[in-house]
Amino acid sequence: MMETGGDFWKLSAVELASLIRERKASSVEIMESVLGRIAAHNGEFNAIVLECGETALQEAMRMDRALDSGTVAGPLHGVPVTIKVNVDVAGQATTNGLPACSELIASEHSPVVNNLLEAGAIIVGRTNTPEFSMRLTTDNPLHGRTINPWGKNISPGGSSGGAAAAAVMGFGPIHHGNDIGGSLRVPSFACGVATVKPTFGRVPAHVPSSIGERGILAQLIAVQGVICREVRDVRLATRELARGDPRDPWWMPVPFDGPRLDEPIPVAVTSESYGYPAHPDIIDAIDRAAGILDDAGYRVERVTIPPMNEPAKAWFDVLISELSWHYGQSIQKVGSDTIKQIFGHYERIGKPVDAVGYRRSIGERTTFLRDWNMFLDRFPLVLCPFLLRPTHPWDRDAQGFEEVKDLFSSALYSTGVNYLSLPAGVVPIGFAGELPAGVQVIGRRFREDLILDAMETIERSVGVLSRELWARQGGSGSCEVGT
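Per my numbering, residue 2 is the first one in the sequence shown, and the count goes up by one each step.
No lab work stands behind these hints, which were simulated from the structure alone. All values derive from a computational prediction rather than experimental measurement. Possibly wrong hints are sitting among the right ones.
As the list claims (entries may be wrong) - Under the rule of at most 25 angstroms between Cα atoms (straight-line distance), these lysine-lysine pairs were calculated in the DSS-like manner:
| no. | residue 1 | residue 2 |
| --- | --- | --- |
| 1 | Lys341 | Lys406 |
| 2 | Lys406 | Lys352 |
| 3 | Lys314 | Lys352 |
| 4 | Lys153 | Lys334 |
| 5 | Lys406 | Lys314 |
As the list claims (entries may be wrong) - Derived CB-CB ranges, DEER-like:
| no. | residue 1 | residue 2 | range |
| --- | --- | --- | --- |
| 6 | Leu262 | Arg371 | 13 to 23 angstroms |
| 7 | Asn310 | Gly364 | 14 to 24 angstroms |
| 8 | Glu55 | Asp355 | 47 to 57 angstroms |
| 9 | Gly434 | Lys406 | 29 to 39 angstroms |
| 10 | Thr368 | Gln59 | 52 to 62 angstroms |
| 11 | Gly401 | Met62 | 27 to 37 angstroms |
| 12 | Lys25 | Asp263 | 35 to 45 angstroms |
| 13 | Glu119 | Arg24 | 17 to 27 angstroms |
| 14 | Lys352 | Arg261 | 40 to 50 angstroms |
| 15 | Arg261 | Arg461 | 14 to 24 angstroms |
| 16 | Gln330 | Gly245 | 29 to 39 angstroms |
| 17 | Glu55 | Ala472 | 25 to 35 angstroms |
| 18 | Glu55 | Arg261 | 12 to 22 angstroms |
| 19 | Thr368 | Gln220 | 13 to 23 angstroms |
All C-beta atoms in this analysis are idealised placements derived from N, C-alpha and C, irrespective of residue type, glycine included.
With the sequences and hints as input, model every part of the structure.
Written as structure tokens, this is what we have:
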């Protein structure tokens, strides 16, 4: 199918918002461009599983009329966004990838949806997720499989794989996702786009359609965020997501921009793999990013960081035990055979805790946090690997226990950071094994601004990776890399 509506779909949210605000382009023109891109290519990649084109165009018309009448434009006035299918959008199903939830119609918006809409954003579609949002790939019996635009046999990551694939393909500049063990960062790494996992308490979270509350650890480590092609859009959107909502008692009214630090800002660098056979391209990526930050004026030091493997192990021992208590019956009742098998592997990887062990582990978590806080007092940023291997095949976690164990062993810098509730971003750096790859930047609590500064510095040096994908596709939508 031919694309229609011009090339506005290629632009960042920062650029689109400026064009609309300065009346150099209308919301309708921009929306037609993005919807044309979706119509031309989403059928091949299945990133968006509910398209909202008609209502999005109507809303774009309303946005243009509002500007004509003198309304002051919000920060995201007229900017297209997508929302993952595991949070509530009023009047739409919150499916979470489950056939059993296909008619679970939300009666009100989740806080992240409210905040984006109040900033002026327009929802163009809902993005895919695996069942229960509990896999490192994106496939489910209700909506089907999301294809990574870099290659049909490569995982788009999970659980926000639909959001990352939509981002890299140009289906709008901002894509909502969430992260309890890597669900923002794994897809960003896999698809060559950028994200920040915010500090716990930064972005309000609540799913009104949920039955009951999550366990305490899940509440303390799960966060909401966005995936974007460009770091400046991650900053813009995360700032808007961070507005408070009384439905989340954990939300904290901390200014988004913290106090200026004395320069040069120290950055700790590590390539420690904790015995995992790290791919050489991943190690080279750390070296390259460290050089970029050093050249930009950061004080880069290779040091020993507090252990990351211990929080990663605790994530499995404690969180999987908690999830088993809370969701085990639902998985057995309404889950597919695939998710039942995979969740069974999760339970085997960790050392299950009982109630006494759970209380002890939650208490010991404070020790990890204190050690990291003290380290980050000396080094406000840490540059480290994210995945220690190139992106995996799309169904690797369905191939057996050893494959699942390998995936999570390679992702210890992902789950460990979640257990610590620290903010961390992933930014593309190039390729590992000919597949998109990124590096991770960890920061002090509530200093997403410092993380984003470092990520933008890296991005300015290496470029925006999605543009290379578009060049390789040559307008066809398909890309043969890694197939």
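field: Proposed proximity, Lys406 with Lys341 (alpha carbon, max 25 angstroms)
entry: OK: Lys341 and Lys406 at ~16 angstroms, within 25 angstroms.
message: If I claimed the Cβ atoms of Gly401 and Met62 lie 27 to 37 angstroms apart, would that claim hold in this structure?
response: violated, 52 angstroms
query: Taken at face value, is the distance from the CA of Lys352 to the CA of Lys314 at most 25 angstroms?
result: The hint holds at about 9 angstroms.
field: Pairwise beta carbon distance, Thr368 to Gln59, judged against the given window 52 to 62 angstroms
entry: Between Thr368 and Gln59, where Cβ atoms are some 54 angstroms apart, the hint holds.
- prompt: Is the gap between the beta carbons of Asn310 and Gly364 within 14 to 24 angstroms?
  reply: Taking Cβ atoms as reference, Asn310 and Gly364 lie about 20 angstroms apart, which means the hint holds.
- prompt: Using the C-beta atoms of Glu55 and Arg261, is the stated range 12 to 22 angstroms upheld?
  reply: violated, 47 angstroms
- prompt: Does the Cβ distance between Arg261 and Arg461 fall inside 14 to 24 angstroms?
  reply: Holds, at about 20 angstroms.
- prompt: Does the alpha-carbon distance linking Lys406 and Lys352 stay inside the 25 angstroms limit?
  reply: Given that 25 angstroms is the threshold and the Cα spacing comes to 13 angstroms, the pair holds.
task: Would you mind confirming whether the straight-line C-alpha gap from Lys153 to Lys334 stays at or under 25 angstroms?
output: violated, 31 angstroms
query: Regarding Leu262 and Arg371, is the given constraint of 13 to 23 angstroms on their beta-carbon distance met?
result: With Cβ atoms ~21 angstroms apart, the hint holds.
Beta-carbon spacing of Gly434 to Lys406 - inside the hinted bounds 29 to 39 angstroms or not: violated, 20 angstroms
C-beta pair Gln330, Gly245: status relative to the range 29 to 39 angstroms that was hinted: holds, 34 angstroms
When the structure is compared with the earlier hints, violations turn up for hints 4, 9, 11 and 18 and for no others.
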